[in-house]
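K.L.:
Sequence:
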Amino acid sequence: MRPPKAVTFPVMTDVVLPCLNEAPALARLLPRMPAGYRPIVADNGSTDGSAEVARRLGVQVVTVPEPGYGAAVHAGILASDPDDGVVCVMDADGSFDPGELPLVADPVRTGSARLVVGRRRPSGRGVWPPHARLGNAVLARRLRRTTGLRVHDIGPMRAARKDDLLALELRDRRFGYPLELLIAAARAGWEVTEVDVTYGPRTAGTKSKVTGTVRGTARAIRDMSVVLAR
1 MRPPKAVTFP
11 VMTDVVLPCL
21 NEAPALARLL
31 PRMPAGYRPI
41 VADNGSTDGS
51 AEVARRLGVQ
61 VVTVPEPGYG
71 AAVHAGILAS
81 DPDDGVVCVM
91 DADGSFDPGE
101 LPLVADPVRT
111 GSARLVVGRR
121 RPSGRGVWPP
131 HARLGNAVLA
141 RRLRRTTGLR
151 VHDIGPMRAA
161 RKDDLLALEL
171 RDRRFGYPLE
181 LLIAAARAGW
191 EVTEVDVTYG
201 PRTAGTKSKV
211 TGTVRGTARA
221 IRDMSVVLAR
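Residue numbers (the UniProt record's numbering): 1 to 230.
It is worth saying that the hints were derived from the structure and are not from the lab. Here the structure is a predicted model, which is why all the values come from computation and not from measurement. Cβ atoms here follow ideal geometry from the backbone N, Cα and C, with glycine treated the same way. Treat each hint with caution, since some may be false.
Simulated restraints on C-beta separations [claimed, not checked]: (1) A79 x G205: 32 to 42 Å; (2) D196 x P129: 32 to 42 Å; (3) R125 x R187: 29 to 39 Å; (4) P31 x G189: 35 to 45 Å; (5) A35 x S123: 15 to 25 Å; (6) R187 x R141: 36 to 46 Å; (7) A204 x Q60: 36 to 46 Å; (8) D84 x L57: 19 to 29 Å; (9) S112 x M12: 14 to 24 Å.
Below 20 Å or equal to it, Euclidean Cα-Cα: the simulated EDC-like pairs (lysine to aspartate or glutamate) are [claimed, not checked]: (10) K162 x D106; (11) K207 x E169; (12) K162 x D81; (13) K162 x D83; (14) K207 x D48; (15) K162 x E191; (16) K207 x D97; (17) K207 x E52; (18) K162 x D84.
The task is simple: from the sequences and hints, build the whole structure.
P.N.:
Pasting the structure below:
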């Protein structure tokens, strides 16, 4: 008699989804997560039932009382427990394709990069408002000049190892978090890689806290400028 065939399970990479009122997007996004990628919704004070949507779909929810994008991301990373040590971060608004998560995770998993950042490539006209695109370009240019990193986007989709991220001891808990991460990675001598990812329209019924308004973009640029001035 042949011995029974061993049952194998996929190695899990955790995906932190910072969330503030993204219920319509989560309902469509979470079921589309690829095999081997486990979502963690870091709920940052949603009032539209986002947490309930995630729990109904069997997804872990971390309640984050401290307001701010960086606070949500940090709490999600602390709660993560990836089998392979790799944590991805991706916006929860439906603008990114979860099927592209391996593009940012694989170089970290194989050791060819310590941090991978997704460079947004809009899927159509009007997806990325001019004021937000310009603000991002200005910050990225300053970042290249001051750190030498070859990046063109302060990317909201990224991957690194959990232990590495926590070792950087990032302090920003607002919109300056992604920029502080890149600066700290450069100072630590990390290999930082940028890969193209598709950037599509947000799910209907959700509203951007940054790109949706000139005021939101200005607030994000202000937070990031403070980080650059440190």
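K.L.:
Would the hint linking K207 and D48 be met if the CA-CA limit is 20 Å?
P.N.:
holds, 12 Å
K.L.:
Could you see if the CB distance from D196 to P129 stays within 32 to 42 Å?
P.N.:
violated, 20 Å
K.L.:
Could you check the hint for me, namely that R125 and R187 are 29 to 39 Å apart, CB to CB?
P.N.:
holds, 38 Å
K.L.:
For a C-alpha distance cap of 20 Å, please report whether K162 and D106 respect it.
P.N.:
holds, 15 Å
K.L.:
For the pair supplied as a hint, K207 and E52, is the alpha-carbon distance within the 20 Å limit?
P.N.:
It holds: about 19 Å lies between the C-alpha atoms, which stays within 20 Å.
K.L.:
With the threshold set at 20 Å, check whether the alpha-carbon distance from K162 to D83 stays at or below it.
P.N.:
holds, 11 Å
K.L.:
Straight-line Cα separation of K162 and E191 no greater than 20 Å?
P.N.:
Status holds; Cα separation ~16 Å.
K.L.:
For the pair supplied as a hint, K207 and E169, confirm whether the alpha-carbon distance does not exceed 20 Å.
P.N.:
violated, 30 Å
K.L.:
Just to be careful, I want the Cα atoms of K162 and D84 compared with a cutoff of 20 Å; is the pair within it?
P.N.:
holds, 10 Å
K.L.:
Could you say whether the range 15 to 25 Å given as a hint is met by the Cβ separation of A35 and S123?
P.N.:
Given about 24 Å between the Cβ atoms, the range holds.
K.L.:
Taking the CB of R187 and the CB of R141, does the distance hold inside 36 to 46 Å?
P.N.:
violated, 19 Å
K.L.:
Taking the beta carbons of S112 and M12, is their distance inside 14 to 24 Å?
P.N.:
Given range 14 to 24 Å: holds, Cβ gap about 21 Å.
When held up to the earlier numbered hints, the structure conflicts with 1, 2, 6, 7 and 11 and fits the remainder.
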